[in-house]
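Participant: Each chain, written out:
Protein chains: 2
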Amino acid sequence: MRDLLRVPVGEPVDLSAYDTSRHPSAGPADKAAGSRATALMAPELAELQERLYAASTAGDRRRLLLVLQGMDTSGKGGTIKHVIGGFNPSGCRVRAFKAPTAEERSHPFLWRIERALPLPGEIGIFDRSHYEDVLVARVRELAPRRELSHRYGRINRFERSLTDDGVTVVKVFLHLSYEEQRERLLQRLDKPEKHWKFDPGDIDARERWPAYRRAYEIALERCSTDEAPWYVVPADRKWYRNWAVGTLLLEHLRALDPRYPEGDFDVAECRRRLLAD
Amino acid sequence: MRDLLRVPVGEPVDLSAYDTSRHPSAGPADKAAGSRATALMAPELAELQERLYAASTAGDRRRLLLVLQGMDTSGKGGTIKHVIGGFNPSGCRVRAFKAPTAEERSHPFLWRIERALPLPGEIGIFDRSHYEDVLVARVRELAPRRELSHRYGRINRFERSLTDDGVTVVKVFLHLSYEEQRERLLQRLDKPEKHWKFDPGDIDARERWPAYRRAYEIALERCSTDEAPWYVVPADRKWYRNWAVGTLLLEHLRALDPRYPEGDFDVAECRRRLLAD
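Chain order of the listed sequences is A and B. Heads up, the first sequence is in numbering that gives the first Met the number 0, so the first residue is 0 and it goes up one at a time. Heads up, the second sequence is in numbering that gives the first Met the number 0, so the first residue is 0 and it goes up one at a time.
If we strip away everything but chain A, and leave its shape as in the complex, we get:
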């Protein structure tokens, strides 16, 4: 799926050309098949994660960072619950980025990001990220235009430094339709136990939908690089989204092909000592 979902480097991005319900040429046909296929990936994903972690104990600095971005209700939280939930929590570092605190605002915008990066052997997951600083910051004019326009280059250099340091950066835009967002917000209103997830401000944000969409297009256009490409995942169907993100992770982890390190001790001697005492 990497090749199918990747945003081409250096080309203009028109999100209306990307399907929100499924990629036209790939993926399971329906929910039953999709859920089954996602469940079948879990053991391999778990083993690859264990190997990545094991390799780090012998000095392998490689790790993976999954960046999740998308409009409200696009399923960032659901993806973490259903896809990342299959990993061993010991090797995962999940971080949600909300509106920056006073302390965070007193630092450059990448400061809080750098402090949340995965360590060697870990899988890091960002629920929102440094891209908020060119998305909401652009739409709401939270920074001078000139500062904003410099941020794309800073992000690219930052991500390049990560990949140089062994971080595989997988950036996923969960692509949701305007209509499906309406449905999901209505569903939250229907269930009192979902009201804590609801913010009337989310309705105001819908009025700025075209502005957000354009901000995403620019970010994808300027920050899909060879080292750290963006992937557009159709997000109107939860089962398809889970399958697609799981598949992206699987393909990247397979490509890393981390290995269990060999022990540098005398196995027979250790066994003798254990049996002797």
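The set of hints was computed from the structure by calculation and includes no laboratory data. Cβ atoms here follow ideal geometry from the backbone N, Cα and C, with glycine treated the same way. A hint or two may mislead.
What the simulated footprint calls covered on chain A by chain B, stretch by stretch (three residues with Cβ under 8 Å from a Cβ of chain B suffice, anywhere in the stretch; the number is not a length) [what the hints assert, rightly or not]:
# : segment
1 : 80-93
2 : 143-149
3 : 180-192
4 : 199-212
5 : 251-261
Straight-line alpha carbon distances no greater than 16 Å define the calculated EDC-like cross-link-like pairs of lysine to aspartate or glutamate that follow [as the list claims (entries may be wrong)]:
#  : chain 1 : residue 1 : chain 2 : residue 2
6  : B       : Lys190    : A       : Asp189
7  : A       : Lys80     : B       : Glu46
8  : B       : Lys80     : A       : Glu46
9  : B       : Lys190    : A       : Glu261
10 : B       : Lys196    : A       : Glu49
11 : A       : Lys80     : B       : Glu49
12 : B       : Lys193    : A       : Asp265
13 : A       : Lys190    : B       : Glu49
Fit chain B to the supplied structure of chain A, relying on the hints for placement.
Facilitator: Only chain B this time, still in chain A's reference frame:
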């Protein structure tokens, strides 16, 4: 299980009086029943976690910290994988404490602990903890005796400050037998893909087993408090250990009884606006 596994406050602790295979009067009869019972807890645990997290969005500062301690191979990692693995990773903050780094050694021993605490609404999990500073530090004489003896009081005051701040502290000692540890170390030797978890130093540590055991007894004796008691979980059988830790978490979360916050917005008006646009 809380009442059965809790270490009584202010009484001498003799670990030989605690069973390593199962509590004599509670728990499933065999592996099949135990695995089934553990699986049956998962939905309620997940819902309680979601409610805890949801409540924090409305200002509830409560959270839970699970501290896991035990000899090598006692199953700290396995507990995290199997019990914590059922939670939503978004609300979990897992931290493993290894031998302190140079930076960590330059600070008081609680410094690195304070930086890893769960935020309101989260479940924090410590794989080893500040107790290492009265366990390995005592056995290996890594600090002056006088400093060591002050640490118990500091730990109690620190944990008291946590519980005052809304943290439910659940401290679990995974109680493993000397014989079962031998078996587990031999099993690691038998499997090349487990060699990365094996350290010949673990065999050396077995020679100090009585010293470690005594250090645990003292820690449990001096730091099992009304606010933050210790629990001794029999750990020779993985399925029993998982069931017991899951049950302890369930009982504590049920006692917290976190509630979904009510929305403070006009549901009908929001619905109208959503349908209008």
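Participant: Test coverage of the segment 180-192 of chain A by chain B using CB-CB distances below 8 Å; three residues minimum.
Facilitator: This one holds; 6 residues, not fewer than the three required, reach chain B with a Cβ under 8 Å.
Participant: With a cut-off of 16 Å on the C-alpha distance, tell me whether B/Lys196 and A/Glu49 pass.
Facilitator: holds, 11 Å
Participant: Does B/Lys80 pair with A/Glu46 here, judged by a C-alpha cut-off of 16 Å?
Facilitator: holds, 13 Å
Participant: So if I understand the rule, the pair passes when the alpha-carbon distance is 16 Å or less; does A/Lys80 with B/Glu46 pass?
Facilitator: holds, 13 Å
Participant: In terms of beta carbon proximity below 8 Å, does the segment 199-212 of chain A have 3 or more residues touching chain B?
Facilitator: holds (count 4)
Participant: Is B/Lys190 within 16 Å of A/Glu261, Cα to Cα?
Facilitator: holds, 11 Å
Participant: Quick check: the segment 80-93 of chain A, covered by chain B? Criterion 3+ residues, Cβ under 8 Å.
Facilitator: holds (count 9)
Participant: Is the hinted pair A/Lys80 and B/Glu49 satisfied, with a Cα-Cα distance of at most 16 Å?
Facilitator: holds, 11 Å
Participant: Can you confirm whether the C-alpha distance between A/Lys190 and B/Glu49 stays at or below 16 Å?
Facilitator: Given that 16 Å is the threshold and the Cα spacing comes to 15 Å, the pair holds.
Participant: Hinted pair, alpha-carbon criterion (16 Å max): B/Lys193, A/Asp265. Please report holds or violated.
Facilitator: holds, 14 Å
Participant: Tell me whether the statement that chain B covers the segment 251-261 of chain A is true, taking a Cβ distance below 8 Å and needing three residues at minimum.
Facilitator: Our answer is that it holds, as 3 residues pass the Cβ test (under 8 Å) against chain B, meeting three.
Participant: What's the verdict on B/Lys190 and A/Asp189, does the C-alpha distance respect the 16 Å limit or exceed it?
Facilitator: Distance ~53 Å between B/Lys190 and A/Asp189 Cα, so the pair is violated.
Comparing the model with each earlier hint shows violations of hints 2 and 6; every other hint is respected.
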